[in-house]
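Undergrad: Taken in sequence, the protein lines are chains P and C.
So the first sequence is numbered by our numbering: it starts at 1 and just counts up by one.
So the second sequence is numbered by our numbering: it starts at 1 and just counts up by one.
These are calculated hints, taken from the structure and not from any lab test.
The reader is advised that the hints may include incorrect statements.
What the hints assert, rightly or not - Mimicking DSS-like on lysine-lysine, the simulated pairs with C-alpha atoms at most 27 Å apart in a straight line are:
id : chain 1 : residue 1 : chain 2 : residue 2
1  : C       : K194      : C       : K83
2  : P       : K41       : C       : K83
3  : P       : K51       : C       : K42
4  : P       : K100      : P       : K88
5  : C       : K183      : C       : K194
6  : P       : K51       : P       : K41
7  : P       : K107      : P       : K51
8  : C       : K83       : C       : K183
9  : P       : K97       : P       : K107
10 : C       : K42       : P       : K37
11 : P       : K93       : P       : K107
12 : P       : K88       : C       : K10
13 : P       : K41       : C       : K42
14 : P       : K51       : P       : K37
Unchecked claim - With beta-carbon atoms standing in for the labels, derived distance ranges:
id : chain 1 : residue 1 : chain 2 : residue 2 : range
15 : P       : L74       : C       : L119      : 46 to 56 Å
16 : P       : A129      : C       : S277      : 51 to 61 Å
17 : P       : V123      : C       : L138      : 31 to 41 Å
18 : P       : I71       : C       : E73       : 20 to 30 Å
19 : C       : N78       : P       : L67       : 36 to 46 Å
20 : P       : I71       : C       : V123      : 32 to 42 Å
21 : P       : S42       : C       : S142      : 21 to 31 Å
22 : P       : S42       : C       : N52       : 16 to 26 Å
23 : C       : V123      : P       : F101      : 49 to 59 Å
24 : P       : L74       : C       : L29       : 16 to 26 Å
25 : C       : G66       : P       : G57       : 27 to 37 Å
For each residue, glycine too, the CB sits at the ideal point set by N, CA and C.
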Amino acid sequence: MLHTHMPRGIQRTVAYSIAALILFIPANTLPILSITKMGYKSQSTILSGVKELWNNGTPGIALLVFLCSIIIPLTKISGLLLLCTSWKNRSAKNNSKLLKFIDLIGKWSMLDVFLVAILVALVKLGTIATIRPEPGIVAFASVVVLTMIASANFDPRLLWIKENKQP
Amino acid sequence: MNNVPTANLKPLKETRFSSSWAVPVVALLFSLFLLIRWQMNKGPLVTIQFDNASGLTSDSPMLYRGAIIGRVETISLNEDNTKVTVVGRLDLTASSLAVTGSQWWIVRPSVSLQAISGLDTIVGPRYIEVSPGNGEPLFEFSGSNDIVVKNGKAYTIISDSAEGISIGAPIFYRGIEIGSITKIGLANDSSTIKLSFIIQHLYTPIIRTNTVFWNESGINFDASLTGFRLHAGPLASLVRGGVTLATPTAVGDLAPEGFAFTLHNESEDEWLEWTPSIELTEQAAGE
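Chain P extracted, bound-state conformation (with noise of 0.2 Å):
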């Protein structure tokens, strides 16, 4: 009787992960940033600084940047969906756990960002080198903003409602 259609909490969050979900798209294929570098100039996605971190010889980072901005993200979302859609399905402590684990990963996510920002305002060699923001870290930056509100906007008292209404 108390729920007969998807809560709004529930329906917020689901709305701002799909969001950030189509978000991720042009955060992956369009540029982050372009390095001037020269009279070289370079774009590039999140991807194909992952494989250009991984070929000079610094597969820890590449898998850092992998992890941070490719997996966490993804992880993140989907965890929040499936949450949103399956959480009568699982006991209350599971999904309490679920809820803990995407809270502490999302955190990650913002490394990208910061890194863009602080390369800009850093390298700024006039005509050797320059960084410029690009628009994919627009689209990255609402990604990550997205599911922070997506997962703010859970509210974890519907976990216990449900528990509660257990015959």
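Starting from the known structure of chain P, arrange chain C on it as the hints suggest.
TA: Using the frame of chain P, we list chain C on its own:
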């Protein structure tokens, strides 16, 4: 007891759809906007076939008049490994350079007796330079091996031998350098030598169908009973070889581009006395 108020329970009224569903819609529109704008700001792709792409890498710039107009995206061999296919992305503002007649070549440092060129590519990146044509839009090109001399007309000379003449050798008219040899090769049946040369646009009216060319390389030295006779061309032609031309006083028709002349081994005295009056082109065309 009857006065106890009964609780009036009402389920919380919730609209069926939360207004937050507008967020994914906005996100979708924003994504489309970003993607479309990115796509629109991209210029056309041009495919250029080179014999040799040494020094070129992906991200190498493409230049016209010293300004970056695009960059190389991929370099790969063609199907039968005879050419290198370079795919470049032009800037949107430079898309008018992708037309029939545009010629593309790779600028490399070159030091020879004639000239030093492409010094900027010793430290900086190799780049592709373009000499624009003015035909229909075209996106597949065959790259030139040599630097394309802009602003001139090309002709050919048929000769028995290319002795003393090298690529870049000057072409003189009355001692003034008005053009240079751009290519030396055998004719198709290998019976003669084919020299391609370019005359600066300003001087093209001098080139008539009855213009004569002779090899001015080296020194002619005749010793006979009557005395010595020494003939030498301009100093520059001693070093790099050269071709001199003369046009008869009674000028012929303007030679069309690509017209083939024959190369004589030495000049006849009569040729040196020709004094045609030819009006030079005022302004280089196409500039």
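Undergrad: List, from low to high, the hint numbers that the structure doesn't satisfy.
TA: As far as the earlier hints go, not one is violated by this structure.
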